[in-house]
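Please work from the sequences and hints to get the whole structure.
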Amino acid sequence: MIELSEEKIYVGDVRHFFSRISVAVIDLIGELKVGDEILIQGKTTNLRQRVDSMEIEHKKVEVAPPGSSIGLKTVDRVREGDRVYVIRVSSQAP
Numbered sequence: 029m030i031e032l033s034e035e036k037i038y039v040g041d042v043r044h045f046f047s048r049i050s051v052a053v054i055d056l057i058g059e060l061k062v063g064d065e066i067l068i069q070g071k072t073t074n075l076r077q078r079v080d081s082m083e084i085e086h087k088k089v090e091v092a093p094p095g096s097s098i099g100l101k102t103v104d105r106v107r108e109g110d111r112v113y114v115i116r117v118s119s120q121a122p
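Positions 29 to 122 (my numbering) are the ones given, in order, by the sequence shown.
Hints in this document: simulated from the structure, not taken from any laboratory.
Certain hints may be false.
[As the list claims (entries may be wrong)] Ranges of calculated distance between the beta carbons of each label pair, as one might list FRET restraints:
#1 Asp-55 - Glu-90: 34 to 42 Å
#2 Lys-87 - Leu-32: 30 to 38 Å
#3 Ser-33 - Asp-55: 24 to 32 Å
#4 Ser-119 - Glu-85: 34 to 42 Å
#5 Phe-46 - Ser-118: 32 to 40 Å
#6 Ile-37 - Ser-97: 12 to 20 Å
#7 His-44 - Arg-78: 18 to 26 Å
[Unchecked claim] Calculated lysine-lysine pairs in the PhoX-like style (CA-CA distance at most 20 Å, straight line):
#8 Lys-36 - Lys-71
#9 Lys-61 - Lys-36
#10 Lys-36 - Lys-88
#11 Lys-87 - Lys-61
#12 Lys-61 - Lys-88
#13 Lys-101 - Lys-87
#14 Lys-88 - Lys-101
Just so it is clear, the structure is predicted and the values come from calculations on it, not from any experiment.
In this text, a Cβ means the ideal position worked out from N, Cα and C, and glycines have one as well.
Following this line, the structure appears as structure tokens:
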């Protein structure tokens, strides 16, 4: 039987949140790709979602490198200072 395990990889922090359009500005220290499953956590935030699209300087990108600031549409409210993690799923044989 194969076991699936999840790993949280810290990739950045929320710098600002535009509530009217539900977009977070995230400063990245790690790479983020369209299709990644992410977790945004803070004191009152616990949001998990897939990255459907993201922008750098108002241009859509598929991959955002470390050191970039991205705009990301979120499915719920997030807050400045919330931490952003990529969820990696790996399979392990017992």
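Hint check results:
Taking the beta carbon of each, Asp-55 and Glu-90 are about 19 Å apart, not inside 34 to 42 Å as hinted. Roughly 35 Å separates the CB atoms of Lys-87 and Leu-32, a value that falls within the hinted 30 to 38 Å. Restraint check, Ser-33 to Asp-55: a C-beta distance of roughly 28 Å satisfies the suggested window 24 to 32 Å. Ser-119 and Glu-85 have their C-beta atoms about 38 Å apart, which keeps the hinted 34 to 42 Å range intact.
Distance hint check: the CB atoms of Phe-46 and Ser-118 are about 34 Å apart, consistent with the given range 32 to 40 Å. Between Ile-37 and Ser-97 the Cβ separation comes to about 19 Å, which falls inside the hinted range of 12 to 20 Å. Separation of His-44 from Arg-78 is about 22 Å and conforms to the stated range, judged on CB atoms against 18 to 26 Å. About 17 Å separates the Cα atoms of Lys-36 and Lys-71, which keeps this hinted pair within 20 Å; it holds.
Simply put, Lys-61 and Lys-36 have alpha-carbon atoms about 15 Å apart, close enough for the 20 Å limit, and the pair holds. Only pairs whose Cα atoms come within 20 Å are accepted, and Lys-36 paired with Lys-88 is rejected, the gap being roughly 25 Å. About 14 Å separates the Cα atoms of Lys-87 and Lys-61, which keeps this hinted pair within 20 Å; it holds. Between Lys-61 and Lys-88 the CA atoms are separated by roughly 11 Å; this keeps the pair inside 20 Å, and the hint holds.
Restraint check for Lys-101 and Lys-87: satisfied, since their Cα atoms lie roughly 14 Å apart, inside the 20 Å limit. Taking the CA atoms of Lys-88 and Lys-101, the gap is about 12 Å. The hint holds against a cut of 20 Å.
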